[in-house]
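A.B. asks: Two independent chains are provided; combine them into the complex using the hints.
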Amino acid sequence: KAGVTQTPRYLIKTRGQQVTLSCSPISGHRSVSWYQQTPGQGLQFLFEYFSETQRNKGNFPGRFSGRQFSNSRSEMNVSTLELGDSALYLCASRQIGGTNEKLFFGSGTQLSVL
Amino acid sequence: KNQVEQSPQSLIILEGKNCTLQCNYTVSPFSNLRWYKQDTGRGPVSLTIMTFSENTKSNGRYTATLDADTKQSSLHITASQLSDSASYICVVSPLNYGGSQGNLIFGKGTKLSVKP
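Chains A and B supply the protein sequences, listed in that same order. Each residue of the first sequence is one higher than the one before, starting from 1 at the first, in our numbering. Each residue of the second sequence is one higher than the one before, starting from 1 at the first, in our numbering.
You may find that some hints are simply not true.
[Said to hold, decoys possible] Cβ pair distances, simulated, as ranges:
1) 115(B) with 51(A): 43 to 53 Å
2) 80(A) with 116(B): 39 to 49 Å
3) 81(B) with 79(A): 22 to 32 Å
[Said to hold, decoys possible] Beyond 10 Å from chain B on every Cβ pair, some chain A residues (computed):
4) 11
5) 12
6) 16
7) 30
8) 44
9) 81
10) 108
11) 112
12) 113
The hints are simulated quantities; they were obtained by calculation from the structure and are not laboratory data. Ideal placement from N, C-alpha and C gives every residue a C-beta, glycine not left out.
So that you can see chain B by itself, here it is in the shape it has in the complex (with noise of 0.2 Å):
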């Protein structure tokens, strides 16, 4: 069964410090994997798109990265401000996706927060 799981479910950070997230996906083949960030009572927001053939794409001060074989992304974050502060989300699109919405496999998400 195609899965995204998510890790830590929650986060806690200083102001300032760096972090690094966790996405595990059993989807394959896929096609791609997203990150995005989701502030409270607002949509998601796109942070990342990597095909299956990129190692890494970076957006700021957000990094993510894939490895294929092991079928893990990981998305971090350098020098956190409080309005890093969010839920980040993985979603992967299988490659028999056909551009259809309902065929993405969504995470449940990480939830962070930033202390000052």
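Bound conformation, chain A alone (with noise of 0.2 Å):
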């Protein structure tokens, strides 16, 4: 089975530009989370789409959106680019059945804002 796919995989943007990510996730997984990654906070949670619904937002502006499609690949999308938006942003796809279930991360997208 392929894993997590995500692209692109580094991107380099200015200040005031909008981006957009895209994550497939393993087949037959329909939970999508996505999470931020930065040096000094570790990782922080997005949001999660389950059958394109989304099921969970976290702390973050509302810059910050996402969606999920019907093949349950999913998009997130951040608008007026500040600087502090760079960092690894990873996609992370699971199973639902449980509270054992394993996330299985893609190897994400680092954003640069200059």
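C.D. replies: Dropping the structure here:
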């Protein structure tokens, strides 16, 4: 089975621009969650989608949004980029069922905002 | 407030040596505790998952232990290899987790460097 695929791997943007990141989960996984990782803060939860519906949202401004398609692929969008948005953005997928399900992470998109 | 604290923040060891990483948590009650390994520039990979009733779980040279009374977990790495150089992240799921990823509590990780 292919793992979680995130594109692009690297992205450089300037302040004020917007960006869209893509995530393809493992086949059969209907839950996709997104995380922001910075050196000082560790992983911060952005949101989780299941069956095209947002299940939960972290404490991030409205500039961060996401969606999930019928094939479980997900995108996240950041509008009006700020320097502080520079981070590694990780996507994870899992099968729903029980509380011990493993999260499978993609390799992430490294976003640099100049 | 639910928190997960990891120590040390960073650690340097020589190849072949053993090491132990610590995770203290205030999450209570909790459903399970997970250890992840994250190579630089990559996503985390699951090493172990333990429920509150388990004391130890092994995955090759990695052994995780859990003391639910003291709310401490440790990850022991035996006979370290250069490929063990990575960040190790402890993650705790509260019992009212409800299956939502937003309720997971992440530690900030321990950065391990294994030198030849």
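A.B. asks: Determine for every hint whether it applies to the structure shown.
C.D. replies: Evaluated hints:
1. Remark: the range hint 43 to 53 Å for residue 115(B) to residue 51(A) is upheld by a beta-carbon distance near 47 Å.
2. Checked against the given bound of 39 to 49 Å, the beta carbons of residue 80(A) and residue 116(B), roughly 46 Å apart, stay inside it.
3. The given range of 22 to 32 Å is broken by residue 81(B) and residue 79(A), whose C-beta atoms sit roughly 44 Å from each other.
4. No beta-carbon of chain B comes within 10 Å of the beta-carbon of residue 11(A); the shortest separation is about 14 Å.
5. Residue-level check passed: residue 12(A) sits 15 Å from the nearest beta carbon of chain B, beyond 10 Å.
6. With a least CB separation of 27 Å from chain B, residue 16(A) remains clear of the 10 Å interface cut-off, as annotated.
7. The claim that residue 30(A) is not at the interface with chain B holds, since no C-beta of that chain comes within 10 Å of its own (minimum 12 Å).
8. For residue 44(A), the condition that its CB be more than 10 Å from all CB atoms of chain B is violated, with the nearest at approximately 8 Å.
9. Its beta-carbon lying about 21 Å from the closest one in chain B, residue 81(A) satisfies the requirement of being farther than 10 Å from that chain.
10. Taking the minimum C-beta to C-beta distance to chain B, about 5 Å, the non-interface status of residue 108(A) is violated against the 10 Å cut.
11. Consistency note on residue 112(A): stated as away from chain B, and its beta-carbon is indeed over 10 Å from all of that chain's, at 13 Å minimum.
12. The non-interface label for residue 113(A) is consistent with chain B: the shortest C-beta to C-beta separation is roughly 18 Å, beyond 10 Å.
Violated hints, listed in ascending order, are 3, 8 and 10; each of the other numbered hints is respected by the structure.
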